[in-house]
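Participant: Listed below, chain by chain, are the residues.
2 protein chains.
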Amino acid sequence: MRPPLWIPAWLLLLHGCATARLPQAANARTDIRDCSTDPPYLPPTATDTTARVAALRGAMQALGAQAYVVPATDAHMSEYISARDARLGWLTGFTGSAGTAVVTQDKAALWTDSRYWTQAERQLDCNWELQRTTWIESIAMWILEAVPVGGNISLDPFLFSIDTWNSYRQALQGSGRILLPIETNLVDQVWGDQRPPAGSGEIYSLPEEFTGSSWQEKVARIRQEMEQHVRHPTAVLLSGLEETAWLFNLRGDDIPYNPVFYSYTLLTNTSISLFVGEQRLAAAARSSLRAACPGPLCVELREYGQAPEHLRQYVQGNVTVWLGTEYTTYGLYSLIPQEKLLEDSYSPVMLAKAVKNSREQDLLRAAHVRDAVAVIQYLLWLEKTVPQGEVDEFLGAQRMDALRQAQEHSRGPSFQSISASGLNAALAHYSPSNGSSRQLSVDEMYLADTGGQYLDGTTDITRTVHWGTPTPLQKEAYTRVLMGNIDLSRLIFPPNTAGRVIESFARRPLWNVGLNYGHGTGHGIGNFLSVHEWPVGFQSNNVPLTAGMFTSIEPGYYQDGEFGIRIEDIALVVEAQTEHQSGENPFLTFEVVSLVPYDRNLIDISLLSPEQVRYLNTYYESIRARVGPELQRQQLQEEYDWLQRSTEPFPLGRAAATAGTGTTGALALATLLSALLPGLQA
Amino acid sequence: MRPPLWIPAWLLLLHGCATARLPQAANARTDIRDCSTDPPYLPPTATDTTARVAALRGAMQALGAQAYVVPATDAHMSEYISARDARLGWLTGFTGSAGTAVVTQDKAALWTDSRYWTQAERQLDCNWELQRTTWIESIAMWILEAVPVGGNISLDPFLFSIDTWNSYRQALQGSGRILLPIETNLVDQVWGDQRPPAGSGEIYSLPEEFTGSSWQEKVARIRQEMEQHVRHPTAVLLSGLEETAWLFNLRGDDIPYNPVFYSYTLLTNTSISLFVGEQRLAAAARSSLRAACPGPLCVELREYGQAPEHLRQYVQGNVTVWLGTEYTTYGLYSLIPQEKLLEDSYSPVMLAKAVKNSREQDLLRAAHVRDAVAVIQYLLWLEKTVPQGEVDEFLGAQRMDALRQAQEHSRGPSFQSISASGLNAALAHYSPSNGSSRQLSVDEMYLADTGGQYLDGTTDITRTVHWGTPTPLQKEAYTRVLMGNIDLSRLIFPPNTAGRVIESFARRPLWNVGLNYGHGTGHGIGNFLSVHEWPVGFQSNNVPLTAGMFTSIEPGYYQDGEFGIRIEDIALVVEAQTEHQSGENPFLTFEVVSLVPYDRNLIDISLLSPEQVRYLNTYYESIRARVGPELQRQQLQEEYDWLQRSTEPFPLGRAAATAGTGTTGALALATLLSALLPGLQA
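Top line first, the protein sequences correspond to chains A and B.
For the first sequence, counting from 1, position 466 maps to 466 in my numbering; every step adds exactly one.
For the second sequence, counting from 1, position 492 maps to 492 in my numbering; every step adds exactly one.
Any given hint could turn out to be false.
[As the list claims (entries may be wrong)] Restraint ranges, calculated between C-beta atoms of paired labels, are given here: (1) B:P472 / A:Q635: 49 to 57 Å; (2) A:A198 / B:R169: 48 to 56 Å; (3) B:Q439 / A:P651: 39 to 47 Å; (4) A:G548 / B:Q194: 55 to 63 Å; (5) A:Q577 / B:R169: 30 to 38 Å; (6) A:Q189 / B:P337: 33 to 41 Å; (7) B:E183 / A:P337: 24 to 32 Å; (8) A:E300 / B:E183: 28 to 36 Å; (9) A:P337 / B:Q105: 30 to 38 Å; (10) B:P472 / A:G548: 32 to 40 Å; (11) A:N541 / B:S622: 24 to 32 Å; (12) A:Q577 / B:S345: 52 to 60 Å.
[To be verified] Here are the computed lysine to aspartate or glutamate pairs in the EDC-like style, where the Cα-Cα straight-line distance is at most 20 Å: (13) B:K340 / A:E137; (14) A:K340 / B:E137; (15) B:K384 / B:E145; (16) B:K218 / B:E145; (17) A:K218 / A:D362; (18) B:K107 / B:E145.
[As the list claims (entries may be wrong)] Below, a sample of chain A positions facing chain B; criterion: calculated Cβ distance under 8 Å: (19) S78; (20) G151; (21) S504; (22) L515.
Simulated from the structure, these hints should not be mistaken for lab results.
Only a predicted model underlies this, so the values are computations on that prediction, with no experimental measurement involved.
The C-beta atom is built at its ideal place from N, Cα and C for all residues, glycine as well.
Could you build all of it, start to finish, from the sequences and the hints given here?
Facilitator: Listed below in C-alpha cells is the structure:
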C-alpha cells in the first residue's frame, strides 16, 4: 500500500515539491482558499469552522486553557481511525491522515506535511493558518509566541503517545508555560451529539483454519515470556488494537480496512481482562473466551471505557506492568508508577505477532496466490480496455476491488486503492475520487497500489505499467526501481540485521545516477490484520529481521508533474543457503510471496546484471508454478496465457551481449557505469 | 587503527569466540589464574590487589557506600587515558581499555568484553570475579544481588557520561537502592601519592601553516551559530579534549598518541574561559590568547580544576548552556538547571571540527602522501626481510614507527601499532609486546594496522599481506573484504545520508557467502588530533555524512585461530558527478586519500566485477600520480619501482573472461553466484 508514513526530513525535502502541484487544477484560483481578499475566497471544498472553533474556545476558557492541541490519531495510535475519532477533521475541515491543530483564543493553526498542503488549502477556511511542517519544535515555537508565560497548554493525554507527549514537554521546558493534561476531550465536548456513535458491529472469532495457534496457546506463550523476563512483570498492557485482535483471534470492523475493534487488554499472570463491550461479542467468541472461567484462562469482559480505572486499581498492588512505548498513550502510561513500569518499544505480543509461524506463513502465501489472480485479471483487463479510452482512475480502482472481492475468503480491500495515472502517480499518496479522476491512456504510465483482506491473509502490491511507448527516462527509472527491488529481495544478510541498515540496497541503482525516492522501503503486514503492521520493516524504529517476518519491499521513483513509479512486493524472511556459516544461526534472505510479473514494456534488460536477470527468471518460474495452476483451477485461460507471455524468461545472453551498448536511453555519462554490472557468465 | 569500539551485541556473538583463544599460550594452566585451587594459582602477570581493595572498602565504609563503581575512562570520556586516570588498572590489575569494576564489602567484579577476557584472566588476582559482558543491566543485576534494599551505590559523577549515568539510574529504579554521587573519587583517595602526577608538558600553538583557520575565526563562527540557534544559547561548554584543542589551535601531550591536554572551555557570547593551567602554555600561545584582552576575544585562563565551580556560578544567571551529551559527564551536566540546558548529541564545536575546510583537506591529503611513503617502505622491507626469518611482530611495529618518524612533520604514531601474524590477526585488537611476539613468515598472513601523527594530519591505514601461497579461503576472504572496501568507497549517495545506512555495502561481498566481521566499518579522523574522531563514521550514533568529512573505511574478516584480514583506508566525503540531480544539493561519494596498493598476491581478480576492477585501476593511477613523485623526491628508487609493479593495472578482460570459471577456490555453491557480477563491457 502507500509507502511507510515515516519519512526522514531530508527525504521530505527531496520529495516535497512533488505535492505542491495540483493534479488536475485547471485554475488554481478557484480551487484553493484565498484569505487575502475581503471577504476571503473559499472554494466549495472548504468547511465553515467558525462556530466549532468558537465553541472550543468557550470550553477552553472554562477550563483556563490558553491553547488546546488536537492530534489526528485515536487512543490506540491507529493509522486508520473511525469517523468518531476524526476530531481533527471535524474541527478544521481538513481530512488528511496526518496533522495537528492548535487553537488559542485568537489564533488557530494546522500543521501537516507536504503530501497534504494542497488538500489543506482546499479544505480549510480562513480561521486556520496552514503550517507547512510537522515538527513538534515548530508547533511549540508557535505556541510560545501565542501563549504568554504562565499560560496552560492543554492536551488530551489519551490521544498522545508517550514520545510525543515528552517531545512537547521537552520543547516547552523552561519556557514558563504549563503542559496541562485534560482527560475530558474538549473537541468531543463541543462536537456533542453530532459526533458519530461508537462502533457496534459484531466481534467474531477467526475460524480455526485461519489461525496460527489458539488464543490459549498465545496467552500461555506470553505468560511464559513474562516469567522468563529478568524483571518478572506481572502483567502486559495491550493498547494496540491489533494486539488484542491477534491475541484472542478475534476480528471486528470498527476501523476502515483494518478488521479490528476498539479494545484494551490487561493480561496478568493470573487473570485476563479484555476491555470490550460484552454484548458486542458473537456468541461463539464469548463462549470460547469464557470456557475456562473461573481460572487463569478465563477472560473477564469489561467495558472499553473501564480500562484506565481498572489499570489504576491494578497498579496499587505489588505489580510490574509491561507495555510498548511506541503506541501506548501518555494517559495510560502516566497511571503507572515509574517503578512498576517495564518499558519496551513494543510489547511481547507485538513482537510475537510479527514472527509468523509456519501455519501463518502458509496462510499468507495462499492468500497471495489468489490475490495474484485478481491482480493479473486486472492488468489484462486494463491492457484490453485502456486503449479504447474507457477507463479512468476511479473506475480502475473499483474494478480492482471487485476482482479481489470475487476471490475466495475475501473481506474487501486492505486500504483505499491508489490508482494513479500520469502526473498523479508522482503524488505518493494519491487516491482518485469519483468525478475528478484522470483518464488512463496508452500515452501515460499508470500506478496501481492495492491490497486485499482475506480470512487467511492481508495483501499489498504495487505494479506500474505503460501500454504505449515509455520515454527513455521512464524506462530507465522503472528499470532502476526494479533493480533496487531485486537487489534487496535477493540480499543475503546475517540474522538479527535491522532493516534500516540494508534498505539502501533498494536505492543504490537510483543513487548511482543521482535519483532517489522520498519514502520508506517497506513495512510489516498482518494475517488478516493491518496492512501496515509494526514493528517490522526497514525504518529506524523497526526491530531486527527474523525468519518468519513478512515485509513489503517497495522502492519507487517520482518525477514531479510527470509520472510516478513504485514496484512493491511482499516478502517473507527465510533462512539462506550459504557456503560458509558464521555464528550459530544461518544467514537470512527474502522469499517474495507477491506473485505478479512486472511490465516487460518498461524493463531495459541491458541495465540488469546477469545475476539480476537470473533472479528475475527464477522469480518468474515460481509465479508460473504457483499462480498458473490457480488460474487454471479458476478457468481463467486468457489470464493463464497472459501469465505465460509475461513470465517468459529473459535471455541472459542479451543482458550480457548488449551490456553498455544498448538502450541506456537518457544515460550518457561515465559515472553511470558504476551501476552497470552486466557481464558474461559461464 | 583498531576498528571502532562500538560493536552490536549480535556481532560480538559472532566474533566473541575469536578472543577466547590464547595467541601463543603453550600451556593455558600457567598462563592464567586458577582460583579453584588452594592456594589459588596466579600467573606472574597478575597483580596483588588485596591491599588496594581493602583500602577502598575502608573509604567506602567511611562514606556509607555499599558498592562503588569504577569505570575505565576519564573525565572527558577520552578513548586513550593518561596513567593518572588509569584507576581501573591500578585497582584491579587489568589494563584493557574497556571495563567496569564494582566493589562491595565482600565482593569485587570486573566486567569487560570478549576482546579482553584472556587478558583479564592473566592480570586479575582472585579478589576479582570476571564477568564476561559489558551490559549495564548485567552490572546492575549483580549489584542488586550484592547490595541490600536501602543500600547506597556510589559513583564519581565526573567519570560517567550522562547516558551511562541514566542507564544505571534506570536499571536501579524502583529497586530501593540509592544511586549516590560522591564527588571525591575514592580510588584517587586510596591511591594517594602513588598516583601519577598530572600532565605538565608544554601546550603550544599549532603553526599557522598547519591550521585551517585562526582560533578567532572559529570562535566567531561558533558564536554565530549560538546567535542563530532558535534557543539562543548564551554559552557552549566544551569538555571533549579535542574540542578545546581544535578551537584554539593548541596541542599538548597529556594523553598517549593524541596531542591533547586536560582542559575545559566555557565559550559564552561575551567571554571565553579556558580551564588549563596558565603556566602550562607556551609564551606564544599565551600571548595569542591574551592579545585582545579585555574584550570578547580575550581568553581568560583558569585552573583546570575550577571548571565545575565556574560553571556553577555561571548558571546562576539568565543563561542557556549548550553541550554535547555524548561525552559530557553527568557531574557537569547536573550542575546546570534543566531549563538552562540546550542538549545535543554533539556540541557545535564537535560538528564544526568534523567538516574539514579545503585548507584542512589539503593538509590531510599531504600527510597521507608522506605516510604512504613510509608504509610502502615498510611493505618492501618486509618483502625482503621476512623470507630470511628475521622479523617478528614487535620488530615490525618498531620498524614501521621508525619509518614514519623519519617523514617530515612527524609527531609519532597515532595509536599503538597493531602488527599481527597468523592467528594473532584474528584478535581484532592485538598488539605485540617485546618478548612474546610471533615470527613473521611466508607461510602466514600478516596484518599491520598503523598510523601516524603529523603536524598536518593524522593517518590510519591497514594492509594485510601474504608473502607465500595463501590458501583458497584466505584469498577468497581477502578479495571479498577488498570488494566491500571498494563497493563502499565508490558508492554514490544522497547528501545527509547517515553512515549506518550505507555501511552494509562494505559487508555484502562477505554476507553473500555467509561471512561477516564483528566490528564497525569506520570512524572519523582528525587533523593532528585523535585517530578516532567523533562524530563521523558508520555507526548508529554518527551524524549524517557531509562533504568535507574524513572517515576510515575498514571491512575485515577474522578466522578464529587461523588468520585475520582488514583493509583500511581513509576517505574524504566529496561531491559526486551524476547524470541527474535530485534536490538542491549534489549527491556525495568518497575520495580515498590513503595511497598504498593492496597485496596482489591475495586478490582473486576473477571475483571482481568490471566496475570494481575499473575502480581499482583508477585508484592505482592516483597512487602513482601522487606518491610516485614523492618517492622520487625522497630518492627512494627501489620503493618507486615496487610501487610501479604493485599498481600495474589489472586487465579488465581477465575479470570478464574468467568470470565464474576461474579461481573461486573454496567456493562452489550456486548461491555464491549472487556476488559474482563480472561481465563484458563495451
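Participant: Each hint should be assessed against the structure and marked as holding or not.
Facilitator: Now for the hints, and whether the structure bears them out:
no.	hint	in the structure
1	B:P472 / A:Q635: 49 to 57 Å	holds (55 Å)
2	A:A198 / B:R169: 48 to 56 Å	violated (42 Å)
3	B:Q439 / A:P651: 39 to 47 Å	violated (55 Å)
4	A:G548 / B:Q194: 55 to 63 Å	holds (58 Å)
5	A:Q577 / B:R169: 30 to 38 Å	violated (46 Å)
6	A:Q189 / B:P337: 33 to 41 Å	holds (38 Å)
7	B:E183 / A:P337: 24 to 32 Å	holds (30 Å)
8	A:E300 / B:E183: 28 to 36 Å	violated (53 Å)
9	A:P337 / B:Q105: 30 to 38 Å	holds (31 Å)
10	B:P472 / A:G548: 32 to 40 Å	holds (35 Å)
11	A:N541 / B:S622: 24 to 32 Å	violated (41 Å)
12	A:Q577 / B:S345: 52 to 60 Å	violated (41 Å)
13	B:K340 / A:E137	holds (17 Å)
14	A:K340 / B:E137	holds (17 Å)
15	B:K384 / B:E145	violated (59 Å)
16	B:K218 / B:E145	violated (51 Å)
17	A:K218 / A:D362	holds (18 Å)
18	B:K107 / B:E145	holds (11 Å)
19	S78	violated (28 Å)
20	G151	violated (16 Å)
21	S504	holds (5 Å)
22	L515	holds (5 Å)
The structure shown violates the earlier hints numbered 2, 3, 5, 8, 11, 12, 15, 16, 19 and 20.
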